[in-house]
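**Q** Sequence:
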Amino acid sequence: MNLTPRQLDVIVAIRNYRHLHGYSPTMQELADQLGTSKVTIFEHVGALEKKRVIRRDKHKARSLEIVGEGRLPDEERATKLPLLGNIAAGSPIEAVENREELDLETMFHSKAGVYVLKVRGDSMIDDHLMDGDYVVIERRESARNGEQVVALLDTGEATLKRFYREGSKIRLQPANATMQPRIVDADRLKVQGVVIGVLRSYQA
Numbered sequence: 002m003n004l005t006p007r008q009l010d011v012i013v014a015i016r017n018y019r020h021l022h023g024y025s026p027t028m029q030e031l032a033d034q035l036g037t038s039k040v041t042i043f044e045h046v047g048a049l050e051k052k053r054v055i056r057r058d059k060h061k062a063r064s065l066e067i068v069g070e071g072r073l074p075d076e077e078r079a080t081k082l083p084l085l086g087n088i089a090a091g092s093p094i095e096a097v098e099n100r101e102e103l104d105l106e107t108m109f110h111s112k113a114g115v116y117v118l119k120v121r122g123d124s125m126i127d128d129h130l131m132d133g134d135y136v137v138i139e140r141r142e143s144a145r146n147g148e149q150v151v152a153l154l155d156t157g158e159a160t161l162k163r164f165y166r167e168g169s170k171i172r173l174q175p176a177n178a179t180m181q182p183r184i185v186d187a188d189r190l191k192v193q194g195v196v197i198g199v200l201r202s203y204q205a
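Numbered per my numbering, the sequence shown spans residues 2 to 205.
Be careful, since some hints might not be right.
[Unchecked claim] DSBU-like, lysine-lysine: derived pairs with alpha carbons at most 35 Å apart:
1) K52 to K39
2) K51 to K39
3) K39 to K59
4) K59 to K170
5) K191 to K170
6) K119 to K51
7) K170 to K51
8) K170 to K119
9) K119 to K191
10) K191 to K39
11) K52 to K119
12) K61 to K119
13) K61 to K39
14) K61 to K51
15) K170 to K52
16) K119 to K59
[Said to hold, decoys possible] Here are the simulated distance ranges between beta carbons:
17) G198 to G157: 19 to 29 Å
18) L200 to G168: 33 to 43 Å
19) G23 to D186: 16 to 26 Å
20) I197 to R166: 32 to 42 Å
21) D186 to K52: 41 to 51 Å
22) D127 to V185: 19 to 29 Å
Source of the hints: derived by calculation from the structure; they are not laboratory data.
Predicted, not measured: the structure shown is a model, and the values here were computed from it.
Beta carbons are placed, not taken as given, at the ideal position from N, Cα and C, and that holds for glycine.
Based on the sequences and whatever the hints tell you, model everything.
**A** Next up, the structure:
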C-alpha cells in the first residue's frame, strides 16, 4: 500500500489513541497530537478513506476506525531482530558474533497489555526520553511513586511524567530542570499506563 509518512502518522495516532482510551480521537484531538491544523487532518482522513484504510461516520465525532488494508506495515513485519552478541560500554571485551534473536513481543510481553506512544516535547529529557522516541507502555491503572506514567487529566489532556502521590494530591514531575511540577487532586487524574521501555531510531 502506498501511504505517505504523514498518513502513516495519522494511522499510528488513531491506533495508539484507541489503545489508550478505548475509543477513537476527534479530528481536533488528532490535530493537537500531530501538531497540525484540523483542516489538514480532514484532508489526510479523506485521502485515507479513499484508499479504504480507515472509515468513519461523518455524523459522529469519534468514529474513526482502521479497517481492511489499514493494517500497518510494521504490524505485518516480524517483530524479531538479530541479536549478534554484546558490546562493552565500560572496559573493552572481545567482539564475538553470537547469533540469536531478540523478540520484541516477548521482551515487552505483559498480561495487562502493552502499546507504544511517540514522545513529543522535552519535558522528560533528564530521564533520557527524547522528542521523537517511542515509549513502550504497560497498561495499568495505578503506579508507584517515581514511576514514569501516562496520566490522563479530567481536562482530556494526556501527559508523560513521573508520578508521586502526596496525600490527596498527585505530583506530576517532569524530568527537566527548567520545568515546574504539576500538582493536581488525585480524583482529577487517571493513570493509563507505566513506561517499561524506550525505542529510539537514529535514522533521519
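**Q** Each hint needs a verdict: does it hold in this structure or not?
**A** Cross-check of the supplied hints:
1. K52 to K39: 20 Å, holds
2. K51 to K39: Cα-Cα ~18 Å, so holds.
3. K39 to K59: Holds - the C-alpha atoms of K59 and K39 are around 15 Å apart, at most 35 Å.
4. K59 to K170: 40 Å, violated
5. K191 to K170: Judged against 35 Å, a Cα distance of about 12 Å means the pair holds.
6. K119 to K51: 26 Å, holds
7. K170 to K51: 47 Å, violated
8. K170 to K119: 27 Å, holds
9. K119 to K191: 19 Å, holds
10. K191 to K39: Given pair K191, K39 holds - Cα atoms ~27 Å apart, limit 35 Å.
11. K52 to K119: 25 Å, holds
12. K61 to K119: With Cα atoms ~27 Å apart, K61 and K119 stay inside 35 Å; holds.
13. K61 to K39: 16 Å, holds
14. K61 to K51: Holds, because 19 Å separates the two Cα atoms, which is no more than 35 Å.
15. K170 to K52: 47 Å, violated
16. K119 to K59: 28 Å, holds
17. G198 to G157: 19 to 29 Å: 26 Å, holds
18. L200 to G168: 33 to 43 Å: Given about 36 Å between the Cβ atoms, the range holds.
19. G23 to D186: 16 to 26 Å: 23 Å, holds
20. I197 to R166: 32 to 42 Å: 20 Å, violated
21. D186 to K52: 41 to 51 Å: Because 45 Å falls inside the window, the suggested range holds.
22. D127 to V185: 19 to 29 Å: With a Cβ separation near 21 Å, D127 and V185 satisfy 19 to 29 Å, so the hint holds.
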